[in-house]
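With chain W's structure known, arrange chain A on it following the hints.
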Amino acid sequence: MNLVNFNDTGIAEKLLNEIHACAGLTGPVKIMEVCGTHTMEIGRLGLRSLLPENIELVSGPGCPVCVTPGAYIDAAVELALGKRIHIITYGDMVRVPGNEASLEEAKTKGAEIHIVTSPLQAIYLARQNPEDAFVFLAVGFETTAPATAKALIAAYETNMDNLTFFLSHRIVPPALAALIDGKDLDISGFMLPGHVSAIIGEAPYQFLADRGIPSVITGFEPIDILMGVLDLCVMIREGSPKVVNAYPRIVRKEGNPLAVAAYEKMFEPVDAAWRGIGMIPRSGLDIRDAFRRYDAAKKYGMSMASPEMARQPAQCCCGAVLKGKIKPNACPSFGAACTPRSPLGPCMVSSEGSCAAYFKYEMTA
Amino acid sequence: MCLAVPAKVVSIDGTTAHVDMMGNSSAADISLLENVRVGDYILVHVGFAIQKYDETEALLTLSLIEEMLGKAGPVS
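Top line first, the protein sequences correspond to chains W and A. According to this note's numbering, the stretch in the first sequence is residues 1 to 365, in order. According to this note's numbering, the stretch in the second sequence is residues 1 to 76, in order.
For reference, chain W alone in the conformation it holds in the complex:
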């Protein structure tokens, strides 16, 4: 078996021409990409400058790190500094500013912060150090939740008592529903996240088509992204909204039922705060009562279900950026008070944040 390349420049050029031809027959088109990896790839390709003027690509809340509330970071910092708990986290999280400090700043004050690339390493760390208490910061969308669930069940089945999980998982479809319910945002179509879709499949997006909004499950190579734009343009022109799967080499219609079952067994949907956006009904995951012993929020008395969680510093426009209301470079702080080296908000911190992508690729756009 071999991997097939989706980056042929000849095909890409023809697709761009097709997009221009299609756009000539439509009015203004606003496409939201709902995945930080798409945001980065669109920036890297310089795609915005190649598209017709009436096709606008806006970046949505597709970076789990960016939508994690500041109060969650504050709670993790408090655990690390106040209670001397070892924090285990993905690397993306350590520089995200909380309302008080980042985990990186906590580390300079002596906090034990361990960076991992898999929750299985959290299990390993905790087992190797039975005298210490560990908390794993479980963030991410549906792509990542199954791995957390698997690690949690491993802890449960081996009766570990020095590792708990601090959940801030978020679910994508309820956020899309909240975005189209917002009256001030006129999205013509969604470029859907390929790897979230690898888990949940096509059905959870059907409500978009039912409400007249086309969407395309899109892969991450240049031809994938161009095909995503073209499919959306054609559906918008024809007025035939559907959920199109343009990434079938990875995404099955039914998704990955084993992975969904893994997290549905351990977690239940709850209302959750998205940084800069606010509370979105049933858009988060919480540990089910049967496994509550492994819930860091319960063990250490932290509440994460308050609208206050979504607060942002006044000079940071991350909220408007995450909703696609403004482009990152329209924020007065962009590139001045807020840079990747000295970020005000999470969209500039995360390597997949919209502001970081704009800063890296589209400073002049």
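Calculated directly from the structure, the hints in this document are not laboratory data. If a hint is listed, it holds; no wrong ones were tucked in.
Per the computed footprint, the stretches of chain W lying under chain A, defined by three or more beta-carbons under 8 Å from a beta-carbon of chain A, are: (1) 31-44; (2) 119-126; (3) 145-154; (4) 196-209; (5) 248-260.
Where a beta carbon is used, it is the ideal one built from N, C-alpha and C, also for glycine.
Just chain A, lined up with the frame of chain W:
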């Protein structure tokens, strides 16, 4: 954050696959997938294989795109 990397399965030991990930030797938990075989490409995210790569679908997608572009006529 949802970045996932394709990796080729070299050997399987229970629920762990030893994989070739872009030239690097690595391991992935395959308990979220059924019927993973040596030689398959799997998509790995935070240490877990989340989906199998389907080469037939990949080739079909590409040929459909080429067919569509062919019908669209020569590009100036």
